[in-house]
Amino acid sequence: MTHKNAPVSHPAIIVQKTNTGTTSSNQLLIFWTFLLAAIGIGLVSFFALIHQSLRLDESQSLWQSSHTIAGLLHTVALDVHVPLYHLVLHYWIFYFGNSVVAIRLLSLIFFLATVPVIYFISRRLLSVRWSLFVVILFSFSPFLSWYGNEARMYTLLLLLSALNQLFFMRILKNGKGWFWYGLSAIIGAYSHYFFLFNLAAQGIYYLLNRKQFKQGTFKRVMIVGAMVLLALGPWLYYVYTLGSASGTRPNLPIPSTIDFFNVYSQFIFGFQSNAVNTVLLSAWPVVMLLALVAVRRSRGLTPELSFIAAMSIVPVLLAYAASLLITPFFLSRYMIISVAPLLILLVWLFSKYSRRIAVFVATLLIIGTGFTSFIQATSSATPVKEDYKATASDINSVIQPQDLVVLSAPFTIYPFEYYYKGSAQITTIPLWNRSQSGAIPAFNAKTLPADVTALNKNHRYIYLVLSQDQGYENTVHQYYLTHFRQVSKKVYSPDLTLYVYQVGYYTVPPIPIATITTQAN
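Going by this note's numbering, the sequence shown opens with residue 1, and the numbers climb by one from there.
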């Protein structure tokens with residue numbers, strides 16, 4: 001006998017099958033997107049970035065991590081960093097060697113490991129497809145691709161800050177995840193000092209939105225903060241006993257409002273020439289207008305969305321304010337913790353428009369990302385390129401024992417030495433004896449003539465390599481230019497130039513200087 005209520009079960013079965021099919025389809029889409037992202041990251045790395053010349057900061061990582069553990073901790077404490085990355089790199093070098101490709105692979109692994117974390121953060125705000133679009137933007141970001149192929153701690157900072165933000169969002173939603181949040185906070189504090197801006201931004205967000213959290217959150221926030229300070233305390237005390245890294249702080253200018261917006265331009269489009277960057281910065285008013293319209297269309301912000309917005313802005317604001325009030329250190333790489341939140345926020349903004357407009361904007365963003373990635377990788381005008389490899393290679397091919405290589409600033413000796421195979425000696429201006437402990441000697445314009453005279457003695461050609469201007473590069477260049485005959489000049493990358501000067505005479509065969517001459521004054 002058929003009951004008249006019996007057919008009701010069939011729609012349920014149909015719905016269940018449809019949902020299962022949709023879930024399976026999404027799982028397949030997620031799998032292929034992640035695979036595409038991983039392959040894309042690998043291809044961009046292999047063909048465009050990982051084989052480039054070792055840069056100054058990377059040479060510092062390599063030099064510091066090549067010490068014993070005690071020596072490593074000592075050299076890092078004298079620098080402006082914390083030791084987690086260098087300890088990991090130390091053991092990585094032990095097993096995989098110290099080639100440029102090998103040491104950069106570690107950063108690439110951290111970058112790849114961050115991709116699924118970004119997807120899980122995005123899913124708290126966006127649909128599966130829009131979250132996967134964030135994954136694609138993140139994976140092919142020119143800014144992140146650059147640091148994913150640099151032997152520095154920035155992708156480790158990126159990974160730990162992303163994990164920490166994910167656990168914070170879980171606490172915000174249901175009050176769970178405190179153990180993992182606290183653990184990621186402690187480990188993250190040892191990845192970079194600027195991780196503390198990540199925690200500070202979260203603290204500010206909590207204080208302004210306390211009603212969104214469960215009771216007892218304030219106590220747990222204070223416990224986590226105390227644990228981070230206790231864990232970091234021994235290291236800070238050790239740094240203090242060595243002089244608080246007072247001799248190794250970079251010489252950076254006080255940031256302007258243009259620098260502030262330039263950071264966000266780099267987050268999205270990477271490192272471009274001044275001409276390209278000017279065009280990109282001019283588009284910010286339009287972006288802000290579209291953002292305001294999107295916010296109005298959304299009819300209010302969810303707690304998760306307001307948190308993502310805060311994480312994309314507050315750490316940068318804190319760093320900017322500290323650079324104005326305390327000491328300048330406003331560099332985009334230090335604020336890599338805000339890149340993922342910014343990309344998620346951008347995708348959320350245009351996803352609120354009609355499907356046609358959203359797809360159009362997404363297409364433009366992908367095209368812009370691909371184009372700027374190509375320009376960044378191939379252009380000789382990319383401001384962060386440092387081609388010490390080509391510089392040393394040219395000098396290796398012509399230099400003789402009676403010549404001398406002079407580098408300024410002094411710390412640029414590290415990346416140059418990695419590639420230098422010549423028979424002539426290397427020295428620096430200011431004169432720096434690396435066998436002695438302490439900071440690099442300060443430049444003194446009054447002693448420059450005497451220093452140059454001493455360096456030139458018994459030499460024929462001076463190969464003067466100027467890069468990483470610390471405020472006295474032009475003084476050194478002008479002194480040589482006005483007192484000696486400039487034989488040749490070659491610009492290898494922005495702020496990296498080789499000058500050759502004849503300072504003496506010897507009865508030896510002439511050096512084929514023409515092989516490196518491209519511009520002569």
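It should be emphasised that the hints constitute simulated quantities derived from the structure, not laboratory data.
A hint or two may mislead.
Below, computed lysine to aspartate or glutamate pairings styled on EDC-like, alpha-carbon distance capped at 20 Å [claimed, not checked]: (1) Lys421 - Asp394; (2) Lys490 - Asp451; (3) Lys446 - Glu473; (4) Lys211 - Glu304; (5) Lys489 - Asp394; (6) Lys352 - Asp394; (7) Lys489 - Glu473; (8) Lys389 - Glu417; (9) Lys489 - Asp469; (10) Lys385 - Glu473; (11) Lys173 - Asp79; (12) Lys421 - Asp451; (13) Lys389 - Asp469; (14) Lys214 - Glu304; (15) Lys352 - Glu473; (16) Lys173 - Glu304; (17) Lys490 - Glu473; (18) Lys176 - Asp259; (19) Lys389 - Glu304; (20) Lys446 - Asp469; (21) Lys490 - Asp394; (22) Lys385 - Glu304.
Small disclaimer: the values here were computed from a predicted structure and weren't measured.
Hints versus structure:
1. Taking the CA atoms of Lys421 and Asp394, the gap is near 11 Å; set against the 20 Å cutoff, the hint holds.
2. Straight-line distance between C-alpha atoms of Lys490 and Asp451 comes to about 24 Å, which puts the hinted pair past the 20 Å bound.
3. The hinted pair formed by Lys446 and Glu473 meets the criterion: a straight-line CA distance of about 15 Å does not exceed 20 Å.
4. The hinted pair formed by Lys211 and Glu304 meets the criterion: a straight-line CA distance of about 14 Å does not exceed 20 Å.
5. For the hint pairing Lys489 with Asp394, the CA-to-CA distance comes to about 12 Å; that is within 20 Å, so the pair holds.
6. For the given pair, Lys352 sits about 55 Å from Asp394 by alpha-carbon distance, which is inconsistent with the 20 Å threshold.
7. A distance of roughly 15 Å separates the Cα atoms of Lys489 and Glu473; the hinted pair therefore holds under the 20 Å criterion.
8. Pair hint Lys389 plus Glu417 holds up; C-alpha atoms about 10 Å apart against a cutoff of 20 Å.
9. Of the pairs offered as hints, the one joining Lys489 and Asp469 holds, with about 17 Å between alpha carbons and a cut-off of 20 Å not exceeded.
10. At roughly 18 Å between alpha-carbon atoms, Lys385 and Glu473 fall within 20 Å of each other, so this suggested pair holds.
11. Restraint check: the Cα-Cα separation between Lys173 and Asp79 comes to about 39 Å, which exceeds 20 Å; the hinted pair is violated.
12. Of the pairs offered as hints, the one joining Lys421 and Asp451 is violated, with about 25 Å between alpha carbons and a cut-off of 20 Å exceeded.
13. Restraint check: the Cα-Cα separation between Lys389 and Asp469 comes to about 19 Å, which is no more than 20 Å; the hinted pair holds.
14. Annotation: proposed proximity of Lys214 to Glu304 holds, straight-line Cα distance about 15 Å (limit 20 Å).
15. For the suggested pair Lys352 and Glu473, the alpha carbons sit about 51 Å apart, so the restraint of at most 20 Å is broken.
16. For the suggested pair Lys173 and Glu304, the alpha carbons sit about 8 Å apart, so the restraint of at most 20 Å is met.
17. Distance hint between Lys490 and Glu473 is fulfilled; the C-alpha atoms sit about 16 Å from each other, no more than 20 Å.
18. For the hint pairing Lys176 with Asp259, the CA-to-CA distance comes to about 38 Å; that exceeds 20 Å, so the pair is violated.
19. Restraint check for Lys389 and Glu304: not satisfied, since their Cα atoms lie roughly 46 Å apart, outside the 20 Å limit.
20. Distance hint between Lys446 and Asp469 is fulfilled; the C-alpha atoms sit about 19 Å from each other, no more than 20 Å.
21. The hinted pair formed by Lys490 and Asp394 meets the criterion: a straight-line CA distance of about 10 Å does not exceed 20 Å.
22. A hinted pair counts as satisfied when its Cα atoms are at most 20 Å apart, and Lys385 with Glu304 does not qualify at roughly 37 Å.
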